[in-house]
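J.: Listed below are the residues making up each chain.
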Amino acid sequence: MNTHDNGAKNTLLTPGNVITAIILLVGLFITVLRFTKGIGSVTALDDNNPWGIWISFDLLCGVVLAAGGYTTTSAYYLFGLKHFRSAVRPAITSAFLGYAFVVFALHYDVGQPWRLVYPIFVSQGTTSILFEVGLCVFLYVTVLAIEFSPAVWEWLGIKKLRSLVLPLTIPLTILGVILSTMHQSSLGALYLIAPSKMHPLWYSSFIPVFFFISSMFAGMSMVIFEGILAHKGLHGKMDALHLKQADGVVLAFGKASAFVMMGYLFIRFYGVAMDNNFKYLFTGYGLWFLVETIGFVALPAFLYAMGARERNVSLMKIAAVITVLGVVLNRFNVSQVAFNYQLDASERYFPHWMEIGVSVFVVTLIITAYRFICTKMPVMYEHPEYKDAH
Amino acid sequence: MDTVFYSYHDFMLATKTITYVLMGLGLFGLLGFWLFLTGRDEPIRKY
Amino acid sequence: MKNQSSLLRRMGVFTSVLIAFFALGQPAQSAAKATGARANPRVDLVTLGSGEKGREMPLVKFKHDQHTQALAKNGKSCQACHQTKTVNGQEQVVFSFKETENLAPSAKKEAFHASCIGCHTELAVAGKPTGPTEASCRSCHNGESGLVSSKESMRFDAMLHNRHIAAKTLQVAGAKDNCGTCHHTGFDAATGTFTVKRGTEEACLTCHLTPAQKARELAKNPEAADAFGPIAKRTPSNQASHAMCINCHLQVTAKNATANSGPAECAGCHDTKITQHYAPAQADIKALASMRLDRGQPDAVLMFPATTKKEDKQGGMLPVSFDHKLHEAAATDCRTCHHKQIAACSSCHTLEGTAKGGFVTLDKTMHSQTAARSCIGCHNQATEQPQCAGCHASLPKRMNENACGTCHAAPVGVASEKATPAALSALEKEERSRLAAATIQARNNRTVTMVAKSDIPETVTIGILSNEFEPSVLPHGKIVQTLTAKAGESKLANAFHTESTTLCQSCHHNSPASKTPPRCVSCHAVDPQKATSGVPALKAAYHLQCMTCHARMNQKPAETDCNGCHKPRVK
Amino acid sequence: MQRRKFLTLMSAAGLGAALSPASANAAATTSFNGHPEAVGVLHDSVRCIGCRKCEEGCFKVNGQDLPAFKNDPSAQRPDFADLEVLNKKRRTNCNTYTVVNRYQTEKGPVYRKLQCNHCQEPACASACFVKAFVKTPEGPVVYKPELCVGCRYCMVACPFYVPTYDYGSAWNPLVYKCTMCAPRIAKGQLPGCVEACPKEALVFGKRTDLINIARERIQKNPELYDAKVFGESEMGGTNWLYLSPVQHTELAQPELGKTSAPELTSGALGAVAMVAGIWPVLLGGAYAINKRRTKMAQEEAKEAVTTAVATTREEAEAKLQKALAKAEKDKDAAVAREVKKAREEAIQETEAKFAPPQAPDGESTPEDASGKEGDA
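Chains as they are written, first to last, in this note's numbering: chain A, 4 to 393; chain B, 42 to 88; chain C, 3 to 573; chain D, 4 to 379.
Just so you know, the hints here were simulated from the structure itself, not pulled from any lab data.
Beta carbons: idealized from backbone N, C-alpha and C, even for Gly.
Check before you lean on any hint, since a few could be wrong.
Unchecked claim - Partial list, derived from the structure: chain C residues whose beta carbon lies under 8 Å from chain D: (1) Glu403; (2) Thr463; (3) Ser535; (4) Gly536; (5) Lys541; (6) His545; (7) Leu546; (8) Gln547; (9) Met549; (10) Lys558; (11) Pro559; (12) Gly566; (13) Pro570.
Based on the provided sequences and hints, a complete structural model is requested.
T.: Have a look at this one:
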């Protein structure tokens, strides 16, 4: 893909291209293996551990890190924060890609991916939290696709479709927030059903709230984080407004993140208090819990706050990276470390390299697709023809 | 038309199905009501 | 070029996210699973500490016996660590470290450090093997050493008791026995002398409460007192027993090194295998076993239900002729039945219940199914020995209403009109005792004749269910003989198995005793689907009966060895 | 009329059933105790001898449906006479619906059978998003393979680690678990394992009867049994019940509490409806407030400018009049020109002073402020 920009043939064998090519080849190889020999041939999953990193990383992390979509659109469209204008399209783009690839990755994990539409169209298990997740993700991908589509129409020059979609912006934004609230929290609620299998420090009847609140700052931090990456890789694609607003977006989202994270930190400990789990804080798991909450929530919240006070954008960028890592850590803690904690070490799960391979493959695809979209479509810049209307 | 539920699960299955349908209707209903509510505020601008 | 390097960098970030998790995640998991050092159990561990607040070091787990032995090797005595005082005219070792009792924690710590390190250093200078010296704190303060105490409570059982009574080295001036050596009713701290009163002996723990008991009582009421005086002044049981036993053992050894003086180190009393360590000579066992403690107790008593109500003095039930002598030999010690204090059961437990008896009524005291001290509870436990458990495991443990008369029977040789609770309780104490003894005698003389061998089948062939197996041949005669022989060994069984068909009824249950009991299939349906709820079907009934009995009596074949009973059918 | 129309609509959609008053508040005032006729099995660990006959019986009934044996008659059958396997901790898998495990306790070895417990409130059914698990009124929890998507959430949800998955199949991987021999029960036969048990350590019957039998056994032999019937209330109760000589936790039976799976998730599911109901109101409100506020700010600014301009104009006019009067007095045209210039200067100055407030980033974007796209 990179060669599209550079054109020259001698750049085809750059390290980046070679690595991308290797990852894609390995990914394709695992894909073939997965769909000919079964899930067991490429994963370390077993009867005690039915959900591996394809759920932990591709689904849980994938969805939470794509939360930038709803945070940015609601900030701009609903709360009228105009200086987020340039962040809206990139955020919607990455959210749409994130969700699309979550759905894509799910095809590897579920046994019969061709039946993925069953819960919606064939047999509705409405008591299931997963039904709700499935329904919301299905609807939200649709919403994001529509929200994202103007960029495509502008790119392709189809004005009619573009003008058909634009009036839907506000209802779609509100629907997006509703759906995000539902499924972000429901991803946590998935674990409500298994109190006996979860470590008490991570099991709480408030886990849906924890997931939702953390999705807010995860989304905001991810916008900042993606901004860092985009500025390195796609600087040339940004217009003046984007470049001008970039620091303002970081400062505003960083400040908001800091405040939300403090609230989140408190409710995590209220959760511990309400289930009287203080005794577990002095165990190995407790230490790990403190690493997660203090090291990856309180610390970045303080870094954000300092950055906000001193108008220090680079400090906030560091905080964003730690926050994103912390949210990933939290999702892994809930879904892997705390889950099945009571089993013997020999019965616990550790991913097969091919599982990691698929996850890396998916991430590479996202990046590649993102680069393609950003280089082709008006995402980082405003399309000259629709400049005033955007 | 009184159905007897022997398990909470069956009860939930019935009530949640209805709730989901109502939720869908409710969302559209609210949108409609919003348009009705703000209909005289100013003409909807077309682009 | 810029694009490629940024892609590389991005990949790096995502990979490090993954690596960061797994690298960080693992130690947390392993830390939570980690267990302590391997357990090293010892009998002689004494935990030493000064009681200082905010200490930095773990408490010392002191190996007492190792030090006793080392001191002896180096020609030192207990006085190296312990002080002495004079009690009953003899110099006795006080079992706390030096004069540290009343020291402040910091001073106590200094004393420990000075003595331990001082002694170790002294030996080190002399070139002898020794323990840790200066500046090796963790050698003694080693919390994670894995050292765990395997100390058991001392069990002063009947055999050990009898050995002390028979010991010639123990004598009390002016008394015909040596009970006063240990049993005392009071202690005069000023003169250091005991007061002794024969016939009032109690267990040590009756007065010398355990430290925990004492603390509990004093917490409730600092001036708590019982029949033996104020509790606050009482030496706790651990101090009392160490002072009495070990000092006596040491003194006997001091007088005569060859005397069989009893242990002075921890392992001697607190090891689980104490009876092996100090087993009496084989020749003495019989003599010791037949010895009887003499506290003026009766051989036989007529036990009446006691009531606190004057007008209802006689109670309703016939008295039990209780063989006290037999039970003395069967019980481990007096406290098996007499728990708090040696007295008649009815002094605390009445029909109505009293505060003194914890409101446990006399009825419960004697008949509780589960309490180890009650008659029924203890007899129930006896049915769990292998020779009894085969039959009794399948029988309900509950008392049935016909069983009352087995114990509550009219005494032998009393005219039926006089055999009423009222008339019997009006008799003189000696006469009641004589009646009880005569009744017990008659009971012991009774023999139960088993059903004649000719009346029972030698083998029974069970073929009604045979499918993949040949019919099973049950060695019926052999089973009856074995059960009869085993039951015959037990005095308890002889007393309670009163009918010739009693043994039969453990298998041929739930039907009137008979030489021709109904066939199993008359109650147990062949088809499990047609069986009455709660009644096992035939196959299960056989297996339940046979397997349970075999397992309880440790008989072959194993439960899962099908071919042990069934020959496989050749197809 | 409206109400009737509404109800008719509802009924037409097949939803009327559960709207009737009796079940409307069922969750708050009624307890669900399972179907009274539901059957189950009682496993008595006091009786169980670990002979593995139940495993064999299960295999006889279900073996041909298990992945390893389905299409492969030559596949090696398990050797159920081998009791050495009891030394290992085993669990069910896609080729075994039931296993017996041995646990060393103070009362010697004790055996416990593992298989689906056929919960009264099945976590698997509650978790399944395609209703592939159904709790039948007869008792068994049955699986519908034709619906299964293979998400394995049932395996996450089951507190007993029962559902297993055929990870080896590429095209038709399914969940496998004990069926309580539902087809056999329908024909009046006993489940395979129950039929095979030589000691009636497994008793089949109505769940309500089984609880009575279990209680009776405990009461008759309190020293043989732990007083708890496992499964009576665990996670809302199970149709397999267990008696044990020791505490059930010693037999690796989890400590579960009484809250059933649907109760655990009902709160979160209820919140969904509230989010769908309240969020549009709050967010729509927020949007409207912001829009209105922006508009008000604009209008205020406009008004301020108008007023200021008007005032200045008046003042300037007065000045002009004065100057004109003076000029007339002086009849000096040159002075009049000067005054006119001063007036224009004053207007310009005031207009600059009351110009619309600038955005924080210094950007003045009138088209932003109107929020054009948002005017849906």
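J.: None of the hints should be skipped; say for each whether it holds.
T.: Hint by hint, here is what the structure shows:
Given the 8 Å rule on beta carbons, the hint for glutamate 403 of chain C is violated: about 16 Å separates it from the nearest Cβ of chain D. Annotation: threonine 463 of chain C was flagged as interfacial toward chain D, and the flag is violated, the nearest CB pair being 19 Å apart, outside 8 Å. Residue-level restraint check for serine 535 of chain C holds (minimum Cβ-Cβ distance to chain D is 6 Å; threshold 8 Å). Interface restraint check for glycine 536 of chain C: the shortest CB-CB distance to chain D comes to about 5 Å, inside 8 Å, so the restraint holds.
Proximity of lysine 541 of chain C to chain D holds as hinted, the smallest CB-CB distance being about 6 Å (cut-off 8 Å). The interface hint given for histidine 545 of chain C holds, since its Cβ lies 5 Å from the closest Cβ of chain D, which is under the 8 Å cut-off. Annotation: interface hint on leucine 546 of chain C holds; nearest CB of chain D at approximately 6 Å, less than 8 Å. A least Cβ separation of about 10 Å between glutamine 547 of chain C and chain D goes past the 8 Å threshold, and the interface hint is therefore violated.
Among the interface hints, the one on methionine 549 of chain C holds; its C-beta lies about 7 Å from the nearest C-beta in chain D, closer than the 8 Å criterion. About 14 Å separates the beta-carbon of lysine 558 of chain C from the nearest beta-carbon of chain D, more than 8 Å, and the hint is not met. Evaluation of the proline 559 of chain C hint against chain D yields a violated restraint, the C-beta minimum of about 12 Å exceeding 8 Å. Interface hint status for glycine 566 of chain C: violated, as the beta-carbon distance to the closest one in chain D is roughly 12 Å, over 8 Å.
Taking 8 Å as the C-beta contact cut-off toward chain D, the hint placing proline 570 of chain C at the interface is violated, the least distance being around 11 Å.
The structure fails to meet hints 1, 2, 8, 10, 11, 12 and 13 from the earlier list, while all remaining hints are met.
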